[in-house]
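Peer 1: Chain residues, written in single-letter form:
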Amino acid sequence: MSQNLPALLVVVPMMLAPVAALLNRSGPAWVAAVGGSWFALGAAVQLLRRVMAEGVIVYSMGGWAAPIGIEYRIDEVSAFVAVIVASIAAIAVLYARTSVIDEISEDRHALFYAAFLLNVCGLLGIAVTGDVFNVFVFLEVSSLSAYSMIALGQDRRALTSAFQYLIMGSVGATFIVIGVGLLFVMTGTLGMMDLAERIPEVWASGEGDRTIAVAFTFLTVGVTLKLALFPLHLWLPNAYTFAPSAVTGYMAATSTKVSVYLLMRFFFTVFGEQFSFEQMQLDMVLMPLALVAILAMSLVAIYQANVKRLLAFSSVAQIGYMVLGISLGSVLGVAAGIIHLFNHAVMKGALFMAMGCVMYRIGSVRIEDMKGLGKAMPWTMAAFVGAGLSMIGVPLTVGFISKWYLVQAALAQGRWFVAAIVMVGSLMALVYIWKVVEVAYFQRREGEDEIKEAPLGLLIPTWALVAASFWFGIDAGTTSSVAISAAETLLGVMP
Amino acid sequence: MISFSLFNYWAVIVLMMVGFYTLISRDNLVKKLIGLNIFQTSVILMYVSFGKVTGGTAPILIESGDHGGGDDHAAATTGHEAADAAVDAVGSSGELVMQGASGVAHAAAESAEILYSNPIPHVLMLTAIVVGVATLALGLSLVVRINEAYGTIQENEIARKDNAA
Numbered sequence: 001m002s003q004n005l006p007a008l009l010v011v012v013p014m015m016l017a018p019v020a021a022l023l024n025r026s027g028p029a030w031v032a033a034v035g036g037s038w039f040a041l042g043a044a045v046q047l048l049r050r051v052m053a054e055g056v057i058v059y060s061m062g063g064w065a066a067p068i069g070i071e072y073r074i075d076e077v078s079a080f081v082a083v084i085v086a087s088i089a090a091i092a093v094l095y096a097r098t099s100v101i102d103e104i105s106e107d108r109h110a111l112f113y114a115a116f117l118l119n120v121c122g123l124l125g126i127a128v129t130g131d132v133f134n135v136f137v138f139l140e141v142s143s144l145s146a147y148s149m150i151a152l153g154q155d156r157r158a159l160t161s162a163f164q165y166l167i168m169g170s171v172g173a174t175f176i177v178i179g180v181g182l183l184f185v186m187t188g189t190l191g192m193m194d195l196a197e198r199i200p201e202v203w204a205s206g207e208g209d210r211t212i213a214v215a216f217t218f219l220t221v222g223v224t225l226k227l228a229l230f231p232l233h234l235w236l237p238n239a240y241t242f243a244p245s246a247v248t249g250y251m252a253a254t255s256t257k258v259s260v261y262l263l264m265r266f267f268f269t270v271f272g273e274q275f276s277f278e279q280m281q282l283d284m285v286l287m288p289l290a291l292v293a294i295l296a297m298s299l300v301a302i303y304q305a306n307v308k309r310l311l312a313f314s315s316v317a318q319i320g321y322m323v324l325g326i327s328l329g330s331v332l333g334v335a336a337g338i339i340h341l342f343n344h345a346v347m348k349g350a351l352f353m354a355m356g357c358v359m360y361r362i363g364s365v366r367i368e369d370m371k372g373l374g375k376a377m378p379w380t381m382a383a384f385v386g387a388g389l390s391m392i393g394v395p396l397t398v399g400f401i402s403k404w405y406l407v408q409a410a411l412a413q414g415r416w417f418v419a420a421i422v423m424v425g426s427l428m429a430l431v432y433i434w435k436v437v438e439v440a441y442f443q444r445r446e447g448e449d450e451i452k453e454a455p456l457g458l459l460i461p462t463w464a465l466v467a468a469s470f471w472f473g474i475d476a477g478t479t480s481s482v483a484i485s486a487a488e489t490l491l492g493v494m495p
Numbered sequence: 001m002i003s004f005s006l007f008n009y010w011a012v013i014v015l016m017m018v019g020f021y022t023l024i025s026r027d028n029l030v031k032k033l034i035g036l037n038i039f040q041t042s043v044i045l046m047y048v049s050f051g052k053v054t055g056g057t058a059p060i061l062i063e064s065g066d067h068g069g070g071d072d073h074a075a076a077t078t079g080h081e082a083a084d085a086a087v088d089a090v091g092s093s094g095e096l097v098m099q100g101a102s103g104v105a106h107a108a109a110e111s112a113e114i115l116y117s118n119p120i121p122h123v124l125m126l127t128a129i130v131v132g133v134a135t136l137a138l139g140l141s142l143v144v145r146i147n148e149a150y151g152t153i154q155e156n157e158i159a160r161k162d163n164a165a
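Protein chains in written order, with my numbering: chain V, 1 to 495; chain F, 1 to 165.
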């Protein structure tokens, strides 16, 4: 059992998905989804422990060794990302119960949970696989289920935004296939480790170096489309705004994070740091885009009237921080990116879930409808403020930890300008979080209607994430040591 | 350098651009999906072209040689080495044509006089076709529901209705 854990991590959610669909009733399907997500969490945590203690776990699917069969390869980075995905899924599925009953019509509940489980399966699969074509398959499993979950939103615009996401996501995935194909032609393998060995040989031979460069470009564009790096983010704000609350909370915290992981995998493991940064000069492209993302998207976020949309734009800005960490190309920078992966998942998940609570009670998440909510829904708004503090980067929250590392990494390379922009980004986060807080706490609600606090089924998962954002902000040792050893593995630095 | 021997790749590029342009320029959502499908299909053609080895035959083992089912690991190792050798060959000759990886290379190593095409790209494309069908099905069902909700599948009209609301 424990030997087959890498496979079970992916297979159990996958097998439970049709079970959930066949049960065809809300309650039993939810139980299946809870079972799948919590099993995945247990498996992921155990894998992370084993990797930290014993080093890389290699698992050959069906007993076929790597060049012929598909290999699952779990190192610190993949185990860490798997833990992030599984823990957010485990919390989101608890949240989903109440939220889904409110927002999705009864006959679609079972299908929703089936799509949810498939999404978990796909994202975990991307994290653990060591085969580039397998990555594409899992990417499509997770994307297709994401499109259908977004389309379940109440507003009819959910349909058009799911369609837009489908078009852009499929183009991104096809770009990835093209890149993988070109690599396969030049090296004759699909395994990440084999590719890492052979790409430098092919490159050094001077024949076909153009093909490798084109493959690199296709992969970069394809993956950055999936992770919504500015200016390829157009699908994201609408998708997050109109999706059901539970879906937004879950997806904002997982799907783009896994794509960021994929980007690191391709840059550092498959192509190698030297190739990506010296031959391709990746930092010259990624860093400006990341900085523009931080500034422009935070600015756009400030002017949004819909809080979910505001948070979605802020997500694009936060992805800028992660990509910025990667583009620094140093152990510290990549570690900052990985830490922010985790931290952003926790705090953005909490913020979106708090908005889900507001949606549940007042049926709107526009700022002007939120007057006086600080009094009417104290726990919900306190959760929003708590996670919002983290978003700004106040000390004792996780947001502070990631910004601390990021600024350190930038200063270590003497990039004062970059560090300054990170600071400006934080200030802008203060502005857009404050906009909501001001209306909720300092403006009186008009009208008679009594608004009650959100039900515990929504509050407890939300507060679990808020508590995590403080816990890992105070006890930052755990996450940063995992992230730093993950970054060392990626960059091939022996500790 | 334009050469007729790379004819399939020109076809692939033309199809790819036709699909991509349709995808970007059309307002009708169904036409967008058709463009997306042409785009994806061009990639399938590209992979199939990769797999063809000039003068190669179908990848079915011709000689009933002495290697019966047995030692997977040894087979994997030989396959690996043979594939390495194949890569070296690619490196020196500079052709895009690849001798074949893993299993095929192993077979080729055993019976060197027979040249096989590479089956792996075809196998990969079976998966990609399934993914393409699933994407198309989901896309079309979204279009049906968009039509129910908006009464139109023209993107500009949908945008107008959204702005009016």
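Hints in this document: simulated from the structure, not taken from any laboratory. Quick reminder that beta carbons are idealized off the backbone N, C-alpha and C, glycines included. Hints should not be assumed to be uniformly reliable.
Stated by the list, open to error - The following label-pair restraints were derived from C-beta to C-beta distances:
#: 1; chain 1: F; residue 1: Lys31; chain 2: V; residue 2: Pro395; range: 52 to 58 Å
#: 2; chain 1: F; residue 1: Leu126; chain 2: V; residue 2: Gln281; range: 35 to 41 Å
#: 3; chain 1: V; residue 1: Asn24; chain 2: F; residue 2: Val130; range: 21 to 27 Å
#: 4; chain 1: F; residue 1: Lys161; chain 2: V; residue 2: Asn24; range: 33 to 39 Å
#: 5; chain 1: F; residue 1: Thr152; chain 2: V; residue 2: Ala467; range: 34 to 40 Å
#: 6; chain 1: V; residue 1: Ala467; chain 2: F; residue 2: Asp162; range: 34 to 40 Å
#: 7; chain 1: F; residue 1: Lys31; chain 2: V; residue 2: Thr478; range: 49 to 55 Å
To be verified - To give an idea of the interface, some chain V residues facing chain F are shown, with a C-beta separation under 8 Å as derived from the structure:
#: 8; residue: Arg156
#: 9; residue: Gly181
#: 10; residue: Phe417
Peer 1: Mind listing which of the numbered hints don't hold for this structure, in increasing order?
Peer 2: 5 and 10
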